[in-house]
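> As given, the protein sequences belong to chains A and B, one line each in that order.
Per the working numbering, residue 118 is the first one in the first sequence, and the count goes up by one each step.
Per the working numbering, residue 50 is the first one in the second sequence, and the count goes up by one each step.
The reader is advised that the hints may include incorrect statements.
Stated by the list, open to error - Short derived list, chain A residues pointing at chain B, Cβ under 8 Å: (1) A317; (2) L450; (3) A735; (4) Q738; (5) E743; (6) V745; (7) C747; (8) T759; (9) F760; (10) P763.
These aren't lab readings, by the way, just hints derived from the structure by calculation.
Ideal Cβ positions, reconstructed from N, Cα and C, are used throughout, including at glycine.
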Amino acid sequence: MSSSEQLAEEALSNGDFQEAVNLFKRALESRQTFQKWSGLAVAYENLQAWPEARWASHKALELDTRDIRMPALQKRVDTKEANEKKAGSRGVFFRVHGDQIQIKKGKKWEEFTIRGINLGLGLPGFFPGEFAVMRGTYLKWFAMMQDAGFNTVRIYTLHPPAFYRALSLHNRMSAKKLYLIQEIWLELPEDNDFNQAKYASYVAQQIHNAVDAIYGNLTLSPMRGNPEGHYSDDVSQWTHSFLLGREWETCAVSLYNTLMKQEKGAYDGEYIAMSGGTPFERWIAAQCDAIQGYETRTYGDSHPVSVVNWPTLDPLEHKSEASYYEGLKRQGLISAPPDVCQMDEDVESLDLLKFRSVQGGGLYATYHVYPYYPDFLLVEGLESKNPYGVYLKQLKNHHQGMPIVIGEFGVPSSRDAAHWHPLGWNHGGLNEKEQGEINVQMMKTIFETGLSGAILFSWFDEWFKNNRLFVPYHLPRERRSLWFNAQNAEQTFGLLAMYPGYPDKKCTLSANSREWNEAQTLYEEVVQCKAMSDEGFLYLQLKTKEKIDFDVSSFLIGLGTCGDTQGEYRLPVSSGLLSPIPLTFCIELSGKQKSRILITAPYDKYLNHESKVIRPIASIQGGWVEMVQCVNERRLSKDLKTFYPPRFITMSPLRFGTLLSESPDSNSLSDFYYEDNTLEVRLPWALLNVTDPSSKSVLWVDHQGAYRKTEGINVVLLKQSSQTYHFVPNSGKKEDVRMVQWEEWNTPTYHTKVKESYGILKEYLHSARDGQK
Amino acid sequence: MKEMLRRDFLKLGLFSTVVLGGSISLFGNDNMNTVAVLMYHDVNPYSKDPYTVSPADFAAEMEWLFREGYTTLFVDEAESFVRKGGKKGVILTFDDGYFSFLSYAYPFLSRYGFKATINIIGESVGTWTKYRINRPMLSWDEYRYLLGEGRVRLGCHSYRLHQEPSGIFKLSEGQLLEDLSHFQETLKRETGKISSVMAWPFGEYRQQHIDSAKKVGFEYFLTSNEGYWNIIEDGIDTIPRLSISYKLDLISYRQYIRGGKNYES
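Construct the entire structure; sequences and hints are all you get.
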């Protein structure tokens, strides 16, 4: 039995059926067998994913037509499916009343504060449009969400029927309910014209589908990238509200307003009206009106409605935000305005103060507010210790009389930050404990400001997510869901980690020899060196004869990731020693606070991205550099008088620590650990300029392309003690250099693990009394 | 214990030496009272010219200084450093005041704890200059930020005398004093202090210019004369510097810092 298959069977026994799906699919990549297909069918059956279970069981039967277990499984699946009836009862139990959102309990209306969580779809190995989350997983997650203390889940688009069935099952079984905010996701019109007939018809369809789905009254035919099936569960009684849209991009708004000649006007709907609004605001009002109109006409009542908004479009002025063009012009970097619309902050706004509810469920405002973006949040309100709270108060003051919900907030637990914040509420570069603490501070601030809800971003880490810093370096682009980039802030917002490997971390950085039993042994001279890898990291272990003491000796690990002709030959040591093979990275292990990873200068992304050539070059110059990244660009204030300097992060220092939570040295961001005579290093793939480990692709930018395949990673070692050196391989010969190998994959393996931040948030939510802020 | 290793010898015929014991003076200049004053201008990837170093080269140069244990100094720290027997001292200076200092130099200086002196052209602050391409310059807000961080000091590269070579020779003493006073007043207003460091525009000066500049608070005078600064013997009136441009590869750079001795690395 292959190791993936063994792990898949283990996942079945552990009840980790969603993880088992990936593990069986991975096992099937090497060889298709009856056992693997039937195992997959069993996983799907346990996930209550009837069509998928059927499909897998047929695939199994193709390989063993005489089997009787699969027909039995099919029969069970058919029966269970047939016995599932329409469920749920119709009702609307939420309304907007003044500046509150209220819930009906018995005959009385009470204030309801959202303690919510945002739920995505991007399981490891999948993009959201593949709808990989199965019913059993939803059920498991709803129980965990409830247990954590959340009372609301927000989804971004229509999910498959499995979601609504699971919500219905959960709420029917649970005394405490989990309520739903259903977003109606909209793409933007192709020609910027929101009124164009085809687009208008698309929008109407999305609205009808969302409303019909929550009432269990929808059937969708298969269409790529869309959910499909029969929606027969009425979850209207547990639906809090509908949420229109997306984070509307500045240019979509400004180009439409320009198309409509910026004419201010009113919209007088049956349910929602507004006056003195821009063309875009009128359009939004019309859609909100359409949602409540359709729901009332079809089902007799209407839920509250809201629209996604964010600081970029807020109705407040931000004096610290110059436009893109003005900022560059002031610096002499541009003379004529650019042809293409620029995504400026603070030029357009969506102001719900102009809106009012005429009748029906009512209207409230939703904002996605992160503490570190846009940049005005880094400079305004700093006098208070909580600039985040200062901004929320401004929003509340503006929207007098209308409830406000913070629809997204949170910080990630990535190794490296993507944006700097003056008080440390950065976009990443935080360990799980810091993530939890800052999330709680933000949630507290939202409630102390008297807002009607806080919805944390997000439930689980999604591997497909991109960030501007990595967009050029996740290549091939379509494979980015197949691996985990620990450096990427966008991939690590979750309270649940989706961590490579199953059932646990392959390496916990704890000098545990058992973890290295299956590892590749590279060298056994001077030091024993082993290597292994998974969907997120390269792991290296050194074992020496004596106890590791950095006052006596230090280590250098040279890595050649791009073949055996290009890279730096001269090691970064005073003696100027040459490696027999060219290197791209050198890891210096010389102390708890001093260890770091260096890169050959022409291969560094930040230093070379303007030249458009980022590749190692055969050299004996010995040019090694640390890796830094600009995370905040230079900015100017609107009056062009104040300059805000750029900010940087450094990625080269290696953090000492272990991933074992019970240890005093525990830190989820640990890069290396040592104890006695064992030293272990964990390196994220992206830090090694690997653009996709699943296809063994490494960065190589030149006029021909941006990446190329590698055979593996060559490893050399240097142990330095006072003035003596031991080089490994001892012979110093190229042919004795060993290479780390790994297999390619098309389905990643992973396990789900609650982060420390989950526990911290749970403690906070439980300490606040139920239903109150 | 086995100590020696086998090494490859390159076809180019360069040899590496292994240090076995004791210390080697890698600071090549025999006179122990010298400090290398490095003159950088711009660090950017857009232009190859005598006043520009590429970001990759600059970062590699700083990494080498760090790894080799060099101590970076402010100009007024050189004397006490040398008198106490300090051997590997360098003074990093950046002329003109390019914004790219923040983009490509400061992140590394900050990482290594390095000190730097920026010699500012007063009238260019907060705007841009043109030399082959438009180059944004640092602003007073950014100078205040850098001063607050504690590792940068500011020097004077004149207020508005950096417009054409030999311009200084056409000035009367009064005109020179007017320009330098204006610089000092501006600097005091914007950062709270005047400067004691003067770097002549285009490296041009005569003795009388030094005498005049001392009247408005300058004490240390950086030139563009090539050399190593022997502070004990040569004083502070005409400090020689080593100009760093893209033409220096790393091996040449190291030899330059060390004083020209033929060490390979």
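> Could you tell me which of the hints above the structure violates, numbers in ascending order?
1 and 3
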